[in-house]
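Note that the protein sequences, when read in sequence, are chains A and B. Here the first sequence stands for residues 1 to 147, numbered as in our numbering. Here the second sequence stands for residues 1001 to 1272, numbered as in our numbering.
Derived from the structure by calculation, the hints contain no laboratory data.
Ranges between beta-carbon positions, derived for each pair:
1) B:Thr1248 with A:Thr37: 22 to 28 Å
2) B:Ser1121 with A:Thr37: 21 to 27 Å
3) B:Ser1223 with A:Thr37: 28 to 34 Å
4) A:Met1 with B:Arg1010: 42 to 48 Å
5) B:Arg1129 with A:Leu64: 33 to 39 Å
6) A:Ala54 with B:Glu1264: 27 to 33 Å
7) B:Asp1214 with A:Ala119: 48 to 54 Å
Heads up, the beta-carbon is just placed ideally off N, CA and C, and yes, glycines get one too.
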Amino acid sequence: MSARSLRITLTVLTVAGLGIAGYLTYVHYAEVQPVCTAGDSCIKVQSSVYSELAGVPVALIGLLGYVSILGLLLARENENTRFAMMTLTLVGFAFSGYLTYRELFSIHAICEWCATSAAILTVMAPLSIWRFLRDAPTLPTPRLYST
Amino acid sequence: MATSPRDTTRKQRRDYARARRKALEEAEAAAAMRQTRLRLLGIVVTVVVVGVVVVLLATGGSAKHGIPASKTEQSSVVHEVSNEVGGIPQRANVLGEPTAPVTLQYFGDLECPVCRAFTLSALPSIIGRWVRGGELKIEYRSLETATREPEVFKAQQLAALAAGKQDKMWNFIETFYHEQGEEDSGYATESYIHGIASQVPGLDLMQWTSDRGDAALSSQLLSDGQAASAANLNGTPAFLIGRSGGTTSKLEPSSFTEPGSFNEAIAKLAKS
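Let's have the full structure, built from the sequences with the hints guiding it.
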């Protein structure tokens, strides 16, 4: 996969995650029922004590995370932006893993929006690690002049 | 100036040596860069893992409640519960005036953390506004969801129903939710259930212990489960609402911690 394709793939995934986090943030503040095919699972997750961290809605934390990742993807690519993007993606992946754990073992309900966001970050995490590690300078092979 | 074949060979050797040196330097730089990147990745992964553990410990701690060790803290819960339901008529599993025009059926599992969130967040406002105002009565009904073992579920829910035989079921339920333990920790032991009952003011514990074996209460528990199945309720908290004595319909609130959807539905039914 070329660097350009990788960047486009990550951007598309980020925009999808941004849409989900934005919708969940809207649902949180507007106090409306989220669209959910799995009964009231989403409401349970949104109403649980785990829907906020230190008083901040986790949906808003996710939204800010995706906005930052998108900003880094759109910025001029260099070593620092690749590192920052990988760091944010890994933090997001770990955080969504923690939330999925809470959904499964504490709330006993799965919010399909959150699960989709977790799936997006699960794909983005290895891609961003690969992007960070693979761009090491390539080694030129010394050539012996023939006489 | 023309160069002899010997000079050319020397120049080629010099160029080759330079190219080789450059390649080696670049290889070393690349290896160093790769090492730096791997080290950075390792640092990030370590920090992230530590962060997750800290968050798990921090939020796990906040979910731990259980019966407070000190009598002062227990008194605080008793006081809070008395403030919420004190002075409101109770009969068996019903809280509110028997003549209230609207009935809300609250299906819950005493170990369900979302039920706890509802009971501690939205319910006080609903009780304060509608039940105290005589327009709503609330029936607590049992539906097993969060409790793993059916025997434990039966024991704890029957304990609540037995308190209802002395018209103190809501004190028992509220106290249980206030002092709910960490899920799946097996906290709902006999000792814990007795601890909850002993905090219900005026509850005759001898009578309560005897009532826990009442077959009629077991039948009620069974009937609650059947009612939930009939209404297609498969999670808790779940709600059925309607005019008292009339048909009920499922209430799906937009939030379990905000009373908005409940207020809307109750107001609509109270007017009809």
